[in-house]
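Chemist: Those protein sequences? They're chains A and B, same order as listed.
Its first residue numbered 215, the first sequence is counted upward by one per residue in the working numbering.
Its first residue numbered 18, the second sequence is counted upward by one per residue in the working numbering.
No lab work stands behind these hints: they were computed from the structure.
Cβ atoms here follow ideal geometry from the backbone N, Cα and C, with glycine treated the same way.
Some hints could be false.
To be verified - Covered, in the sense of this in silico footprint (three residues per stretch, anywhere, with C-beta under 8 Å from a C-beta of chain A), are these stretches of chain B:
1) 22 to 32
2) 49 to 55
3) 165 to 174
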Amino acid sequence: MEAFRQEIILGVIVLYMALCVAIGLWSMGRTRSAGDFFIAGRGLGPIVVSLALFASTLSGFGFVGGPGLVYSVGVSSFWMVVISATAFGLGFFLVAKRIRMIAELRGCMSIPDVIAARYGSELARGLVALTIVLGVLGYLATQILAMSVVMQSILAGTERFADTSLFSCVLLSSAVLVFYCVTGGVIASVYTDVLQGLVMMVAGILILIAAMQAFDGGLREAGEIVLADDSESMMPFGAAGIITSLGWFFVFGIGLAGQPHIVTKMMMNRNLADNRSILPLSLLGYMVSAFLWISIGLVMRAVVVGGSAEPLALPDDAAATFLAMFASPLLAGIVFAALFAAIMSTSDAFLNIGTAAVIHDIPRALRGRPVRNELFWARVVTVVLAVVAAGFALFSYYRDATLVALLGAFGWSTFAASLFPVLAIGLNWKRATTAGTVAAVVSALAINFTVQLAGVTLPWGISGGLAAFVTSLVLFFAVSYATPPPKLARDIDRMMEI
Amino acid sequence: MDRLIAGMIFTAVLGMAAILLLIGFTEAPQNAAGVAHGEIPAMLIGGDGAARLADIGGLAFVFNCLLLLFTVLLCTLSVSPDKRTPVFFGWMTAVFVTNLIVWQQMYFGHLAFLASGETGWFLGFPAATAWQVYGVWFAGVILIAVYSGGFRSYILSESDERRFERLLREARTDAEPDFSGERISESRR
Chain A
215 MEAFRQEIIL GVIVLYMALC VAIGLWSMGR TRSAGDFFIA GRGLGPIVVS
265 LALFASTLSG FGFVGGPGLV YSVGVSSFWM VVISATAFGL GFFLVAKRIR
315 MIAELRGCMS IPDVIAARYG SELARGLVAL TIVLGVLGYL ATQILAMSVV
365 MQSILAGTER FADTSLFSCV LLSSAVLVFY CVTGGVIASV YTDVLQGLVM
415 MVAGILILIA AMQAFDGGLR EAGEIVLADD SESMMPFGAA GIITSLGWFF
465 VFGIGLAGQP HIVTKMMMNR NLADNRSILP LSLLGYMVSA FLWISIGLVM
515 RAVVVGGSAE PLALPDDAAA TFLAMFASPL LAGIVFAALF AAIMSTSDAF
565 LNIGTAAVIH DIPRALRGRP VRNELFWARV VTVVLAVVAA GFALFSYYRD
615 ATLVALLGAF GWSTFAASLF PVLAIGLNWK RATTAGTVAA VVSALAINFT
665 VQLAGVTLPW GISGGLAAFV TSLVLFFAVS YATPPPKLAR DIDRMMEI
Chain B
18 MDRLIAGMIF TAVLGMAAIL LLIGFTEAPQ NAAGVAHGEI PAMLIGGDGA
68 ARLADIGGLA FVFNCLLLLF TVLLCTLSVS PDKRTPVFFG WMTAVFVTNL
118 IVWQQMYFGH LAFLASGETG WFLGFPAATA WQVYGVWFAG VILIAVYSGG
168 FRSYILSESD ERRFERLLRE ARTDAEPDFS GERISESRR
């Protein structure tokens, strides 16, 4: 079996991608309107929404960057994971019910639609749509690049495809993604998320078992080795320190309710009361999958500091090296398929919300009306966005990483800082005003951009994302209080009473 | 009531912002956010943990207490006023207190380790880290239990569903969405 390791891994990945394509074809017949394309006609059951929600939450970062962070800074990065229960809980308390209500009440198909309905402001809609488009390009580019680099490294281990270029890998991985997103829209996206979520959960459990068997004394022995090398790395604040850790706790915990690719899923369930079961099911899926993040990183740090393996060239090599050392070819194939699943489930969610922003929201913000034949243009723009993002990915790889890094700054923390106050608090606090919204979004974008462009390093490991988040919250409340109380539309006012 | 809760949330946010500023202006030791491992590239170590906490540990502790309070207050704000019963406030207090206990055990457990160099272990992790890994998750699960278990009591009752259905029917009879507006009701300002 070991002799055919790369072929087995490749076979599992090909099987997984073929299933994604099949789901795309199956979904095509079910996508008849823009509403179907963007929010699945609000007709999904609780299990589908649960799996789609957690699969979108856990991106390729969780499978590559997460273990790499544990390898690099120890327990500090656990904070991004352990906060998930509170993060999901808070997200559902603040957003799930009201966003589903407002979506049905006003026929909203996107987050900017919701913002426009809540605040009665096209300016707020336009700002949020612009933020989403910038974020989508950066996020998609980094995800496509990550997927292509992994694909190329797998192919390099085979005889037949060893010389496959990165360009071909970008083309192939983007093609599969675009195919099912264009044919089936968000219906294909969520049903592939179901497959992807299940693959991730299986991988999470199997990896935890493999990690516990890596040392005779299980995870405790790994922990003791790390502790003996540097005690701080194994204690609650890790090597990166208490402020970095609490910053991650803040941005990842509170910020989940501001992630457009996640909260959009909360608009898709068939019944409002389904939220009752969607929340625990989503969390369960996330927790099981996140075993991989913690266990791989910890074992790899222990293996390296204990002298059993050579130091990694890059922290992000932690997962691949772990699989080479401790996983059977079949398990490695499942985990690589899970990695592709994590990347693609997040990418398709971003592709979907980016398309909505371009053809649905920005035209409304600028012209006051949508484009004609939204479904057709949605499919066209999906392809265009993917091509532009793939172009960014290649440009970044071959020429200059600055542009993608800059757009990459529009990741989780920028969405958290700019959208959490506006959406999560705004849906629950009638006193929030359009001026407060503009102040929050603009300050979040400005701080994140400045920190990224100027390469500012804040003391004590305070991240730009944390500074932006706290600032936008302060401004959101302060400007809302300083401006006259808003006049809410009657239906929105009544909806917020429920 | 919403006005009070929103005011408390804003106060908590201001408190966190002030603490961040204070921390930012405190001189940081070299290892504040980790230093390079002496032998292994691409790896950081924390080094002297006591030195890192000496000047800002108390501020960081209060920062997280405010963050936990902020979380619970936001959940409370999201529940409509007529459902904020004494039992609901009891649950929110339980969530907050559980989170505080977990945080206190984690933080002071770490300080005790720094002082003694010794730690117990629980399910694969040093005691203070086990509070982080298992305790923070558990405290969050209580919040989820309140949401799911108390869904009909605190989130969406059957009469709420009927109210929403009625609102939908009325909205569908209107030709245009009503953006003309009216002053917001006192209860949720």
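Chemist: Does the structure break any of the earlier hints, and which numbers would those be?
Modeler: As far as the earlier hints go, not one is violated by this structure.
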